[in-house]
Amino acid sequence: MRPPRWADRFLQWYCRPDLLEEIQGDAHELFYRTAVQNTHKAKLQFVWNVVRFFKWSTIKRTKNNYSSIHHAMFKSYLIAGFRNAIRHRLNSFINILGLSLALGIAITAFIFIDSQLHVDSFHKNMNRIYQVTSKIEVEKRTEEWSDSPIMLGRTMLQDQAAIESYTRIEFGYADIRYQDNVFNEQLWFVDPDFFDIFSFPITAGNSQPLVQKNQVILEKAIAKKYFGDSNPIGQSLSLKFRERDKQEFTVSAVFERPNGSSLYPTVLLSMDSFNDLSPDKTND
Amino acid sequence: MEELILLTVGILHPEAYGVAVMDEIEKQAGRSLNISAVHSVLTRLEEKGFVKSKMGDPTEERGGRRKRIFLLTAAGKRALEEGNELRNQLYSQIPRVALQFSHLTLCY
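Chains A and B, in that order, give the protein sequences. The end of the first sequence is residue 333 by our numbering, with every number in the run present. The end of the second sequence is residue 122 by our numbering, with every number in the run present.
Since the hints were made in silico from the structure, they are not lab data. Errors might be hidden in some of the hints.
Stated by the list, open to error - Ranges between beta-carbon positions, derived for each pair:
id	chain 1	residue 1	chain 2	residue 2	range
1	B	K41	A	R138	22 to 32 Å
2	B	E16	A	A151	40 to 50 Å
3	B	L85	A	W105	49 to 59 Å
4	B	A51	A	H167	34 to 44 Å
5	B	R92	A	N233	25 to 35 Å
6	A	F131	B	N98	16 to 26 Å
7	B	G63	A	R110	47 to 57 Å
Claimed, not checked - Here are the computed lysine to any residue pairs in the SDA-like style, where the Cα-Cα straight-line distance is at most 20 Å:
id	chain 1	residue 1	chain 2	residue 2
8	A	K104	A	Y81
9	B	K68	A	K273
10	A	K273	A	E292
11	A	K104	B	K41
12	B	K66	A	L69
13	A	K274	A	L201
14	A	K104	A	S141
15	A	K109	B	A51
16	A	K92	B	K66
17	B	K66	B	T87
18	B	K68	A	S106
19	A	K92	A	S106
20	A	K273	A	S287
21	B	K41	A	T83
22	A	K269	A	S311
23	B	K66	A	S311
Unchecked claim - From the structure, some residues in chain B lie toward chain A, with a derived Cβ separation under 7 Å:
id	residue
24	V33
25	N48
26	G77
27	R80
28	K81
29	R82
30	L86
31	T87
32	K91
33	R92
34	A93
Even for Gly, the Cβ is constructed at its ideal location relative to N, Cα and C.
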């Protein structure tokens, strides 16, 4: 008793060789099982199964592109490779060490160069910002200083048509106190256009803060130092400058210093405060 | 349908192959599937990574042909658990009235 020969041969003809064993095995098993009771039904069932198995996924392909990926071959390559490496330990070690060192150094170099090339790139007006320096003649040498006279900004704005705006930056120090936190901070005295020129993102407060006279703008980490996680906007800090009484300032905004910044502003105050503190240095 | 077959593969461990899965489903769920349908679902499950297959013992009365045995993978077990959990979760959200059909027949 055999299953219908022509159906069996048809199956062998169209079926993929790697699936043939199981498919033919199943079809035969079912045939013999039903043939015990009813041979006619078994034959019909066999033919029907052969027809149902005639699917795209089971048919032979013209090229060898059976999609079942057997990982055994890759595994054997890996094992042979490892065995080879273990056989010549010193050589392999030197090779692998050298390659990994080279790779690590190359990656580090790329990251470093990229970060250096993109210093300060977060400022939107980066290619229009210039720092005015001075060349001073001292004792028959010419020195270059990185600052310029304090009145230069306003004068240049008036005289030169190419200048759109300016900001001056003066430095100072003060003791700052909020409730129980007292620290000595570096201060930056700036002109109102500071945030138009430099694009430090504002994380709290009004989005375009002009630095008014009794207001202070804090950098995010410094705000956290004094106020923790509570909202510092509108809170009042007292600043004590050297040889002066303390003054109260209101926090109007908090800004953030992105990672690639070459400037490290901390606490921003208005240039008017500077003029008050050092009236001899300005001749308004 | 896939879940049904996946469950059956788990039940028949370690003797889960085409014909056995077909028989078990017929015995338990009363659905008579064609063997080729079972094969295609098993292949799909293997592609998804829910089952793993290997060739079984060659000593056979299938004319000496080996059968392909399917085993559940960890991902397959997880998929079954998640399916089961989801069904239970949804079932427990059905309001009690909708489930009590007997009351509806009393009042017309």
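- Item | Interface restraint verdict for B:R80 against chain A (beta-carbon cut-off 7 Å) | 6 Å, holds
- Pair hint B:K68 and A:S106, alpha-carbon separation not exceeding 20 Å: 19 Å, holds
- Evaluation of the interface hint that places B:G77 against chain A, nearest CB under 7 Å: Holds - the Cβ of B:G77 comes within 7 Å of chain A, reaching about 6 Å at its closest.
- Message: I want to verify a distance hint. Is the separation of the beta carbons of B:E16 and A:A151 within 40 to 50 Å?
- Response: Given about 49 Å between the Cβ atoms, the range holds.
- Below or equal to 20 Å on CA atoms is what counts here, so check B:K66 against A:L69. 18 Å, holds
- Query: Within a Cα-Cα threshold of 20 Å, do A:K273 and A:S287 meet the stated pairing?
  - Reply: At roughly 16 Å apart (the allowed maximum being 20 Å), A:S287 and A:K273 satisfy the hint.
- Message: Holds or violated: the 47 to 57 Å window for the beta-carbon distance between B:G63 and A:R110?
- Response: 23 Å, violated
- With a cut-off of 7 Å on the beta carbons, see whether B:K81 makes it to chain A. Holds. Min distance 6 Å.
- Message: Tell me if the straight-line CA distance from B:K66 to A:S311 falls inside 20 Å.
- Response: Status violated; Cα separation ~57 Å.
- Message: Hint B:R82 vs chain A: min CB-CB distance below 7 Å?
- Response: With a closest approach of 4 Å, the B:R82 hint holds.
- Query: Does the alpha-carbon distance linking B:K68 and A:K273 stay inside the 20 Å limit?
  - Reply: 61 Å, violated
- Query: Straight-line Cα separation of A:K92 and B:K66 no greater than 20 Å?
  - Reply: Answer violated: A:K92 to B:K66 is near 32 Å, above 20 Å.
Of the hints listed earlier, those the structure fails to meet are numbers 1, 3, 4, 5, 6, 7, 8, 9, 10, 11, 13, 14, 16, 19, 23, 30, 31, 32, 33, 34, in rising order.
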